[in-house]
Structures are given as C-alpha cells and as structure tokens.
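Asks: In case you want the letters, here they are:
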Amino acid sequence: MHYLRLIGLFARTSFQEEAAYRANFFLSLMYSLLNLGTGVLGVAVLFNQIKTVNGWDFAGTLALLGVYLTVGAMRNLVIGPSLEALAGMDGEVWSGRLDFTLIRPVDTQFLASFRKWRLFSLFDMALGLGVLGIATMRIHSDLTPERWLAFLIALIAGGAILYAILLAFTALVFWGPGVLFTWVFNGVFQMARYPLGLYPGWLRLVLTWVIPVGIITTAPAGALTGITSTGMLAGMIGLAIVLIFASSALFRYGLRHYKSASS
Amino acid sequence: MNSIFTHSRGHGNLRGGMALVKATWASWVQYRSFFFILAFGWMIQPLIYLLVWTTAAGGKTIGGLNRGEFVAYYLVLILVNQITYSQTNWTIGDLVRYGQMNRLLIRPLSPFYDTLSSEMAGKVVYMIFDLPIVLVLALILRPEMYVTPINLLAFIPALLLAWALRFFWGYWLALLAFWATRADALLALQDSLVFLLAGQVAPVALLPGALRTAAVILPFRYMVGFPVEVLTGQVNTPGLIMGFVIQTGWLVLALVLTAVFWRLGLRRYSAVGG
Amino acid sequence: MTVPQITVQGLSKIYRVPVRAEGLRASLKSLIKRTYNDVHAVLDVSFAIESGEIVGLIGPNGAGKTTTLKILTGLLHPTTGLARVAGFIPWQRKHAYLRQISMVMGNKSQMIWDIPPMDSFRVLGEIYSVPSSQFKQTLDELIDLLDMQELLTKPVRNLSLGERMKCELVAGLLYRPVVMFLDEPTLGLDVSMQLRLRRFLAEYNRKSGVTILLTSHYMADVMALCPRVILIHHGKLLYDGELGALAQKMAPFKLVRITLGAENGSVSREIPLPAGVEITQRENNLLTLRVGRAEAPSVTAQLLQSLPVADLTVEDPPIEAVIDQVYMEGGV
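Residue numbers (the numbering used here), protein chains in the order written: chain S, 1 to 263; chain F, 1 to 274; chain W, 1 to 332.
Keep in mind that the hints were calculated from the coordinates and are not lab data.
Just so it is clear, the structure is predicted and the values come from calculations on it, not from any experiment.
Heads up, some of the hints might be wrong.
For each label pair, taking beta carbons as the anchor points, the in silico distance ranges come out as [stated by the list, open to error]:
#1 Ala202/W with Phe110/S: 21 to 27 Å
#2 Pro200/S with Thr213/F: 43 to 49 Å
#3 Trp202/S with Tyr113/F: 44 to 50 Å
#4 Glu315/W with Gly96/S: 37 to 43 Å
Computed cross-link-like contacts, BS3-like style, restricted to lysine-lysine with a CA-CA straight-line distance of at most 25 Å [as the list claims (entries may be wrong)]:
#5 Lys259/S with Lys236/W
#6 Lys259/S with Lys94/W
#7 Lys236/W with Lys136/W
#8 Lys51/S with Lys60/F
Over 10 Å on every C-beta distance to chain S, these chain W residues come out as not near it, computed from the model [claimed, not checked]:
#9 Asn37
#10 Gly74
#11 Pro155
#12 Asp190
#13 Arg206
#14 Glu320
#15 Tyr327
Ideal Cβ positions, reconstructed from N, Cα and C, are used throughout, including at glycine.
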C-alpha cells in the first residue's frame, strides 16, 4: 500500500541521514550503555537496603525499568523524532517550512508521526527488552502465556497513550510555544522509571489520572508480576482509544487554526 | 539516567539561554519560563529519589534515616546541587569550539571572569525558582532536620569548596575538549558518575560496599553530597575532617589540571597560528 | 472558449490583529478591553490565468503577493471570495489537487539537508505517487535541462545556493504539476545563475505547458519571463496586463541622455530646447531630457543639429520608476 511504501522510504532516508554523522553513533552507544548502567545500579542500590516496597521487589522493579527503557526506545524510534521535526526547537513550525509539509498530497498527521526515524533506538529497545528478560527470569511467580499476552496488550496500549500525549503537545505548537510543554512532560515522564507503588498515594493518582505516565510503564510490568488486573487492562485500552481520538482532533484543529491565522 | 536533552541539544539551549540572561536582564520576564523549565528538569531526579526513599522507608528507618530525614536530605540536595552546578562545560567548551581562544591569548583572565559572571547570573535566576518550590515542598513533606551549630559552621566552607571543585573540575574537562574529539563521551561518563556517586541515587552512606568506597575516594561526592551530609548531620567529626581533606585534595588537583590544560591549549593554539 | 486554469474572484483575506500598546498603562488597559485592527492582506482581488501562461505577481513587501499565493496553494483560507485552480477549490486541499500543483520558494528549502538530492527526489516521487518509469524519464529530462548531473551525489548542505535552487526546481517539477507557484526563485543568486534559471523556466514552460505564477523582486526576472504582470499593493490589484503596455500608459516618454562636447563656457550657456522637452537632470556636461515617445525621433535629430553633442542615448524610463509611480498613485 502507498502508505506502507512511504514508511519504508522514510525509514530508509532517515537512516541515511543518521549514517551521515558517524561520530554520533559512538556517542549514542555510550549514552545508551551509561543510561542502562545507571538505571540498573539505581534500582540495585534501593533494593540492597530493603526487600520490597508496596509489593514491588528487585525483580519486579527491574522489569519495570526494562519496560521504561523499551517504551522510551519505542518513542525515540519514530513518533518522537517525527513530532520533534514538526514542533521541536529547530522544527518546521518554527522555521516556517511547515508550508511544504502542508502542501503534500499526504495526510499531515501521518507525515508528522512517521516521517523521521531514529533507527539506533532499535538498539535501545534491545537493551530494554534484555533487562526485562533478565528481570523476568528472577520473578518468582509463574509467567503464564496469559501474563505475556497481558503484558503485550498493556505495552501497546501504553505506547498508544504516549503517542496521544505527545501528539497533543505537538498540536499546541500551532498556537504558541508548545515546546515547553514537551520539556515539562519529559521531566514528569522520568517518574515512570519506577513503579507507581514506590510513590506516595497522592502522586500515584496524579500519575494515573492527570498525566497518565505511570500506567504506561507500571501496567505492562505489573502484567508480568500479576499486579495488573484485567479491568485495568480494559481501562487502559479504552483510555488509549479515547486519547488518540482526542489528540488527533486537537491536531487537526490546530492545523486549521494555523492555516487561518498565519499570513 | 535520562536527561531532558540530548547532549548537543542541551548545550544549544543553555548557550542561547545564557546569552539572553547576560544581554537582556530587563526582559527576563519573557525568558523566565525557559530557565524555570531547566531548573525544573534538574530538580526532577532528586525529587524522584526523595519520593522513592521516603515511600520505602515508610514508618521505619533505612540505613539510619527515617522518612523525614530523607526528605530533609533531598531538599537540601536540590539546593546544593543547584548552587554547585557548573556550566563551564558548555561555556568554555563553546569558547574552544567556536575558536574564540584569541580572547584567552589577549586577556587571559577575562574569559574566566565572563564564565564566572554568567554562572552567578544563572544561579540567581534558578534559585528564584528553586527556593519557593523547596519551601512549598518542605511544608507539604515535613522534613526532619537537626542542625547543630558545628554542622552549620562546617557547611559553609564545605559548600564553597564543593562549588569551586565542581567549577574547576568542569573547567579542565572542558579544556580537554580542545584536545580530545571524544570529549563529549567523557562528559557523559562524568554525568553518570556524578549521578551515582555524588549522593543523588542515595545518600553515600547507603551505597553498597564497593560503590561506597568509590564514592568516598572520588571527587564527585565532594561536589554535591558532602555538604548536604554535613548540614543534615550525617557525618561525624572524624568523617568531617577526612571529608575536608579529600575535598581540598581534589580541588587542588582540579586547579592544577585546569592550569596545565590552559597553558597547553594556549601553546597549541598559538602554534597552529590562530 | 476554454475555461481559464486559474480563476480568482473577489478574493479577500482580512486579519484581525489585536492592538499591541506600549507602556505599562496601555498594557493593563488592553487586559480589560482588547481592541482589534483589521489588516487587509488581500482585498477584492480578481483575475484569470489561462493554462500555459507565465504570469508575474509583483508588489512591494507586504503587498499581499505571498498571501495570494498561499491561498491559491491551499495553505490559507480566504475570508471571502472564490478561487478555482485546475478545476479544484484550493483550500479544500483535496489530494488530487495537491498532486497537480507545486510550490518553490527562494528562501526556504524543501530538500533533506544531510543527504544527496537524489534521495529527496525519491521520497517526493513516492509521496506524489509518480509511476517509476515516468519518474525516471522526467528526472532525466530535468537534470539534463538544468545541467546538474554532478550535483546528484553531493549532500545538499554542500551545495551552493544556485545549485540548491536547481534541486528545488527539480523537486517542484518531477511529478509534472500543471501549475507551479514560484516565490522569489532567484533570490540571492548571482547574475549568471539567474539567467540560467530564467532560461530554464521559459524553455520548460514551452515544452510542458506548465502554468507558472511567479513573484519576484527582480524586475529582470519579470521582464525576461512574464508577458503579463499582476500588480498588487496594499492587498489591492492595481494592474493586470502586459508590462510594456503599463510603461506606455504610465510613462509615455523616453529619456534622452546627452553628453555635450567640452567648449569653453559651454556649461553655463543656455540650452535651446524644442517645446515640450524637459531637462530632468543636469550635471556638468551631462544632460538628461524627457521627451514624449512620439516626438523622440524628431527631437533627437534637432538636438544633434543644434547642440555640440559628443554622445547621445535614448532610453525607456526604468520600469521600477514606473511601477513605483503606480504604487504611489494607487492605480493606473
């Protein structure tokens, strides 16, 4: 299909752009490994002092770190760089080159979401899944196929929720400086590296209902440790669908506003 | 540890931000949000660990610290981290990268003062954001802190030495960028070490064996964690003296390295012909 | 009679801009009561362009040219008025419409920066669903016409401005649009490159029949390429027709420049002139005279006889001055 071929071309072209800067590759490698190392050590230091916190033990929290790294890599694979190319610091809205994107006979949201890839993130994803794999080996309860299925569903739903949030922030750029919102969000998102159970009750609510970053990582990891219920999964799927529709609508609304307000 | 920016992007934002602070203090209202977002970013990590450790401690103690003491430790850490945080990596690095070394040749001290003044300017802006937030957090989270006069007296030199250490340590590393093309990787490594060993992941006393030994010997603890531990009373008298000795030792080394690389850099720069 | 390819009727684009006041007091007042100004970017513009024409859209900065262009490319919605391009209403932004138009801007690049232009072309070919055989054929033709074979493998960031403009034109034409909108295409280019691009546009228009609507600040572009110009100022259409006819209408005279041969005291002497001839400039022994078009030949002959002429040229008034006059008078 036309759109699939386009995605393939976009990925290939982005790879060429990435490959144009070889020095960055080694730097990225370094960053990824350091990120992994400090993350794992951070969790290890905590659980060196205490066995469990609110039902989360070392293995479970490590699994969550693996999910966090994986979700982060999922984001940086395509939707992150693509939305960034539109709304980020050097982006098209800022430099006025959005007109070219708007004039293409392709859906603008599609272009904005899939145009730019960062294939190095596949390596990050492998690291994340690796940590997840090692952690699951230490999880003492049974890992039934149902749990893995629940995990997969939660992961995809979490990814969809993340996409919806990022798309909404990107849409804000059409009205003003939306970049700041993304930065704030990035800060808050870092809280998702620890299970919600490690945070005080009030924060748990905020991270579930106000800025749902908590569930993006906690739900999939919880699916493996048995903490995530079917009801929660269903809720997540519902939330994902609602949020994607809402943020897509916001994006289109923002485009219309941009087109009528700019000169 | 995820930072909000990738390295290159962070440096770009910061450089632009600093130029703005210096040039347009009058219109700081407009750019306040930019700085506050940055300050917020630096605050996130300590806050996360504050929350995690206090939840973990619950009603009991971990490593001798109860919930309230963890709150106190991390709130002080946020402020100390802000005060000692050095931007020399970016400002000096830029000076070198964009070939403004001739300023160093003509007036060797002026870049130093420039860096210093931009540091101060930046810190004032960030503290305007940090202090109210820390106060509000203190009201909500109820820290427990018993500050003895000795602790307070020892805290001030510890803090000043920590700032100087972090400043000059960053200075020589930035000058190193003039020689090593892989300096970016080195800085990334440095960031990770600071994160692990300076008291952010956990107060140094709570680190497991090998890491704790490393943290006590290496300079990173003395850039952030040490003053915090002094103020919150986590260090006994022998530990205090030992700490100051190690801190001063590393500071001297940093100064020497800075001077050496400065001179080397100048020589290379003028030999190449500017 | 064929339907024009581009029809514009009563097109207007009005912005409501909040009044931004100076000073603290005014800022506070504006918090309570916001006042707005109406800015007419485009006001009641109408014209029709046939398929295959090359039309120049000229006007000073902020006149409304770019706004008009953006409305016709579907990037902006007009406040009132109608427009139809290639049978479509532009701001409905149907994909079938977008596949038939292209926009090339002199000051913004649509190429991907770090890789060779060929890769950007490939992506565009897929975006516009160009069949691969047609893609190759069109690309070969364009590359040949523009003489850019060696550029194809260099990363775009290493190309000069002129080379990059060639790439932009290829990007805009590789899917064979029926209408091309050019916004300042020769901006910042050296004279020889400007010439080359103009020649290319003229030739390609002849070969393919693509309709071209072009804005430019360089009168040389307009004079060389556009048999027809549309003049816009303050959002209003002031003139639509041939450039030559405009000059004739607005400035029906010629400039005669005479260099007088040096004789003692010749400079201070009174110059005897035929009726209706004005001296517009006098510098030592250089005279510039304004003569009605029809009378120019006879006046020139007279001057040659009655004055010690060392050199003489007869020129059309500079077109820029003519156009300036149109702007100032607000009409023709």
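Asks: Now tell me, hint by hint, if it's right for this structure.
Replies: Here is what the structure says about each hint:
1. Taken as a hint, the range 21 to 27 Å is violated for the pair Ala202/W and Phe110/S, whose Cβ atoms sit roughly 37 Å apart.
2. In this structure the hint that Pro200/S and Thr213/F lie 43 to 49 Å apart at CB is violated, the actual value being about 33 Å.
3. Our hint of 44 to 50 Å for Trp202/S and Tyr113/F holds, since their Cβ atoms are close to 47 Å apart.
4. As the Cβ distance of Glu315/W to Gly96/S is approximately 40 Å, the hint placing it in 37 to 43 Å holds.
5. A hinted pair counts as satisfied when its Cα atoms are at most 25 Å apart, and Lys259/S with Lys236/W qualifies at roughly 22 Å.
6. With a C-alpha separation of about 15 Å, the suggested pairing of Lys259/S with Lys94/W holds against the 25 Å cut-off.
7. Taking the CA atoms of Lys236/W and Lys136/W, the gap is near 43 Å; set against the 25 Å cutoff, the hint is violated.
8. Of the pairs offered as hints, the one joining Lys51/S and Lys60/F holds, with about 13 Å between alpha carbons and a cut-off of 25 Å not exceeded.
9. With 10 Å as the threshold on Cβ separation, the claim that Asn37/W sits away from chain S holds: the shortest Cβ distance comes to roughly 14 Å.
10. Annotated as non-interface, Gly74/W brings its C-beta within 10 Å of a C-beta of chain S; the closest such distance is 7 Å.
11. A beta-carbon of chain S comes within 10 Å of the beta-carbon of Pro155/W; the shortest separation is about 7 Å.
12. With 10 Å as the threshold on Cβ separation, the claim that Asp190/W sits away from chain S holds: the shortest Cβ distance comes to roughly 24 Å.
13. With a least beta-carbon separation of about 26 Å from chain S, Arg206/W lies farther than 10 Å from that chain, consistent with its non-interface assignment.
14. No beta-carbon of chain S is positioned within 10 Å of the beta-carbon of Glu320/W; the least distance is around 26 Å.
15. Every Cβ of chain S is farther than 10 Å from the Cβ of Tyr327/W; the closest lies at roughly 20 Å, confirming the non-interface assignment.
Consistency with the previously given hints fails for numbers 1, 2, 7, 10, 11, ordered from lowest to highest.
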